[in-house]
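Now for the letters of each chain:
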Amino acid sequence: MKAKRDEVRIGFYVCHCGHNIAAMVDCAAVARYIATLPGVVLSRDYKYMCSDPGQELIQQDIREYGLNRVVVASCSPLLHEHTFRGAVTAGGLNPYFFHMVNIREHDSWVHTDRVLATEKAKDLARAAVERVVHHKPLEIKKVPIHPDVLVVGGGIAGIHAALTLANAGKKVFLVEREPSIGGHMAKFDKTFPTLDCAACILTPKMSEVGSHPNITLWTWSEVVKVDGYVGNYTVQIKRKARYVIEDLCTGCQDCIAHCVYKEPKFDDLFNERLGKRKPVYIPFPQATPQVVLIDPEVCLNFKRNKNPDGTPVVSDKCKKTCVEACGEKRAIDFTQKDQVVEIKVGTILVCTGFKTFDARRVPAYGYGVYPNVYTALEVERLVNASGPTGGQVVLRQGTNPDGSPKNPRSIGIIHCVGSRDKKTNLWCSRVCCMYSMKLAHLLKEHTGAEIYNFYIDIRTPGKGYEEFYNKLLEEGTHFIRGRVGEVTDWAMTPEEEGKLVIRVEDTLAGVVRRIPVDMVVLATGLEPQADADAVRRLFNMSCGGDGWFLERHPKLAPVNTFTDGVFLAGCCQGPKDIPDTVAQAGAAAAEALALIDKGYVEQEPNTAHILDAECSGCKSCIPLCPYTAILFDETRQKAYINEALCKGCGTCVGSCPSGSIVQNLFEDAEIFSEIAGVLADEPVAAGRPGNLTQAAIP
Amino acid sequence: MSQAPAPAAAPAANPRDWSPRIVAFFCNWCTYTAADLAGVSRLKYAPNVRVIRLMCSGRVDPQFILDALARGADAVLVGGCHPGDCHYVEGNYKMLRRHQLLQRMLTDLGIEPERVRLEWISAAEGEKVKRVINEMTEQIKALGPLGLPRKFAEWDREVIALAREVHARDAAAGPCPAHAAAPQPGETVHA
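Heads up: the sequence lines are chains A and B, in that order.
Each step along the first sequence adds one to the number in the working numbering, with nothing skipped, and position 415 is 415.
Each step along the second sequence adds one to the number in the working numbering, with nothing skipped, and position 116 is 814.
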């Protein structure tokens, strides 16, 4: 260590930063003091170190005085460390022979006593001078980026992001777990506030995805494993068996027509169970890809009991009229199995969306008890021309005088079901006010019924949204302010007979009201997907306390995650409407493009490595690493670090019982000398007590 | 580990002028950034803290804390991201565990546990940096100096004096009969 200290030639610079530092710190005194420390060859104070002449000064001095370490005391390293590392490099030194002292944000700006502030500056500068002795030359790692992109989730966010990337010439893998892309938007009838038809604006984009030469579309597929790091991810995708060969199916749907089930009999999930489908089906007319699939749970050609591994067993008991109908195309294959494919991508966009709140969790509103209580998504299908009723709003229970299913004459829409509620979810789902008013408008248009909105607050922050609210008010929709207490079929007056009664405190009128209606619509809120936590782990992301995926910075990095190369878009990050989702998807695509087109990522070399000779093989570091970067070599009984995965937090270093892990830029020796440096103004016989005692005994 | 250079002796401190010296370990992403924010916002706080920047509070080795105390710090402050907000997912939890163990150990060592403080300060909480530093400075002022280096020096003097005495007695008494038969090389001589 002594020899090393003799070799070092430190150049020290203290910046005045105009008056920012010089007004509170005696810069000349700091420079004079640092000049007295061993190893310091040169100590200067200068008005603006970050200016071109300031940087030039460093470069000149490195050449002229043969400096091999540089310390600059100025502002925060988060601001100008990069600048000075550049200057040091230009002077011919390795950039990591530099250290920066923060005497502005942490000193001159926050203190009021010039003497004490100057003392603090000296302490901090001395610590850096002590520390920089131990610095080592390091190399910036450049990791190349694989140009292909994986987009997870084929809702409007995934569709828009995939198209943006594909149009920029990047190869995109779009993975969707449902049989068709489209997501929730494909289920909507109209979109607020413009009331343009959701299908009209979405389906052109869907078919563009289906036919785009740069997009590989895998529906009925799920990501099962993600390995690697930014630029080099290896992803395994399970392609679930459709029992139909995608390349051979033309989407003619003859098989559906010829199925042995003459009538659709099974719950249609796309239509929120309001309609029925056959065992062989296509989710909706505009589905992309136009490929049918067979549900082995109900198809007669499969046995009802499954293999032990959960895969269905072919019974061959059915007449297989579907196969006959398919004919020469031979697209139907009952022996198909789930397949796992592996792809390599450089960046990943997570657009996994949301689920709607389960209205059964608020029993007072009677969803699942009273047939005529609907969720908003069910009503979307009900008013949709391609929905189960062809756009006719008819109730599940009751008949008109002519015997046909009943059309509602009065409808109550209850806002904030599963939002802004301490019993369920605290957040505002952001879209419910607007979609409730949209449904109010559509229901009025379809049925001419009296519509009552029960709201806590009407929230319409968006372009044209407040105007839409005003329009609804003019249309004669009733707005009643108050959280609904109960929906009941218990009639107290003859008018309430056979109706659902909404009990609510009208907080504007200050009275408790009972409003009898034919139909209740629950404006259910948005929730994170049921498997959001598993997906979070899969992509090494974080969740907030509410379960939505966490962005790196709410303002400045809203589509980045804490994992480099993994981006977020859409409702998986938090409730948002379609315009915001599309904007965010575009932003995520742009972030991915910026990374891909640069071609490589630079990594700060502050990774850790294990000194093989010192490692005792205790494995205590392995579970500490959140990036699973630490591996164990069983044959040699030693741990080792995959530096490509290491993010440089140093958690393992701080806990290694044998001190065998070294973090570049934050080595133990560097930090201990920094501690010694800040405390060295009192002449103390430093060191650990034990050492001192033994050395001193004669 | 290198010995710190002994610079010009500090002015002989009047005990009344004594003011605590606090070493802080701040994580790069939250607390260090918060301290920068305090600066940018021109908040004013006590000049007693010297910050050492680490990438994560999880990097804080308990030895750093003990070493700082041994070298004359009166207290140590560790700042990390709030639970759930750690840039490295969970480094702050690792620090929390170490902190809790260290607190017990400090009590056993006769050091007031308040001298080591762990705080979660997010990048947006410049105000909290100010509050914590001011609070801690006041608290340590009330506790008084820890002065471990001085205590070490005193203990050293006592041990050295004792060792000399033992040596002198041994020399007077001649070889110890218990060890006279087979003195082992390098073996310590007992009184």
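Keep in mind that the hints are not guaranteed to be accurate.
Said to hold, decoys possible - Here are some chain A residues pointing at chain B (derived, C-beta under 7 angstroms):
1) Cys50
2) Asp52
3) Ser76
4) His106
5) His111
6) Leu116
7) Lys120
8) Asp123
9) Gly169
10) Ala644
11) Leu645
12) Gly648
13) Gly650
14) Gly654
15) Ser658
Said to hold, decoys possible - Quick list of in silico lysine to aspartate or glutamate cross-link-like pairs, DMTMM-like style, CA-CA up to 25 angstroms:
16) A/Lys422 - B/Glu863
17) B/Lys742 - A/Glu119
18) A/Lys499 - A/Asp402
19) A/Lys240 - A/Glu139
20) A/Lys355 - A/Glu272
21) A/Lys555 - B/Glu788
Hints listed in this document are in silico derivations from the structure and should not be mistaken for laboratory results.
By construction, the Cβ of each residue, glycine as well, lies at the ideal position given by its N, Cα and C atoms.
Results of checking the hints against the structure:
1. The beta carbon of A/Cys50 is not positioned within 7 angstroms of any beta carbon in chain B (closest approach about 16 angstroms), and the interface hint is therefore violated.
2. For A/Asp52, the interface hint is violated, the least distance from its beta-carbon to any beta-carbon of chain B being 24 angstroms, above 7 angstroms.
3. Interface hint at A/Ser76: satisfied, since its Cβ lies 5 angstroms from the closest Cβ of chain B, which is below the 7 angstroms cut-off.
4. A distance limit of 7 angstroms between C-beta atoms decides the matter here; for A/His106 the minimum to chain B is near 6 angstroms, and the interface restraint holds.
5. Nearest Cβ of chain B to the Cβ of A/His111: about 5 angstroms, under the 7 angstroms cut. The hint holds.
6. Interface restraint check: A/Leu116 against chain B, minimum CB-CB distance 4 angstroms, threshold 7 angstroms, status holds.
7. The closest approach between the C-beta of A/Lys120 and any C-beta of chain B is roughly 5 angstroms, which is under the 7 angstroms cut-off, so the hint is satisfied.
8. A hinted interface residue such as A/Asp123 counts as satisfied when its beta carbon comes closer than 7 angstroms to some beta carbon of chain B; here the least separation is about 5 angstroms, so the hint holds.
9. The closest approach between the C-beta of A/Gly169 and any C-beta of chain B is roughly 33 angstroms, which is over the 7 angstroms cut-off, so the hint fails.
10. Given the 7 angstroms rule on beta carbons, the hint for A/Ala644 is violated: about 16 angstroms separates it from the nearest Cβ of chain B.
11. With a cut of 7 angstroms, the hint placing A/Leu645 at the interface with chain B is violated, because the nearest CB-to-CB distance is about 12 angstroms.
12. At its closest, the beta carbon of A/Gly648 sits 6 angstroms from a beta carbon of chain B; the interface hint therefore holds under the 7 angstroms criterion.
13. With 7 angstroms as the threshold, the beta carbon of A/Gly650 comes within range of chain B, its nearest partner Cβ sitting at about 3 angstroms, so the hint holds.
14. Nearest Cβ of chain B to the Cβ of A/Gly654: about 4 angstroms, under the 7 angstroms cut. The hint holds.
15. A least Cβ separation of about 12 angstroms between A/Ser658 and chain B goes past the 7 angstroms threshold, and the interface hint is therefore violated.
16. Between the alpha carbons of A/Lys422 and B/Glu863 the distance comes to roughly 74 angstroms, so the proposed pair goes past 25 angstroms and is violated.
17. Restraint check for B/Lys742 and A/Glu119: the C-alpha separation of about 17 angstroms stays at or below 25 angstroms, so the hint holds.
18. Proximity of A/Lys499 to A/Asp402 is assessed by CA-CA distance (about 19 angstroms); at most 25 angstroms being required, the pair is judged to hold.
19. This hinted pair does not check out: A/Lys240 and A/Glu139 have alpha carbons roughly 45 angstroms apart, beyond 25 angstroms.
20. Our distance criterion of 25 angstroms between C-alpha atoms is met by A/Lys355 and A/Glu272, whose separation comes to about 13 angstroms.
21. For the hint pairing A/Lys555 with B/Glu788, the CA-to-CA distance comes to about 22 angstroms; that is within 25 angstroms, so the pair holds.
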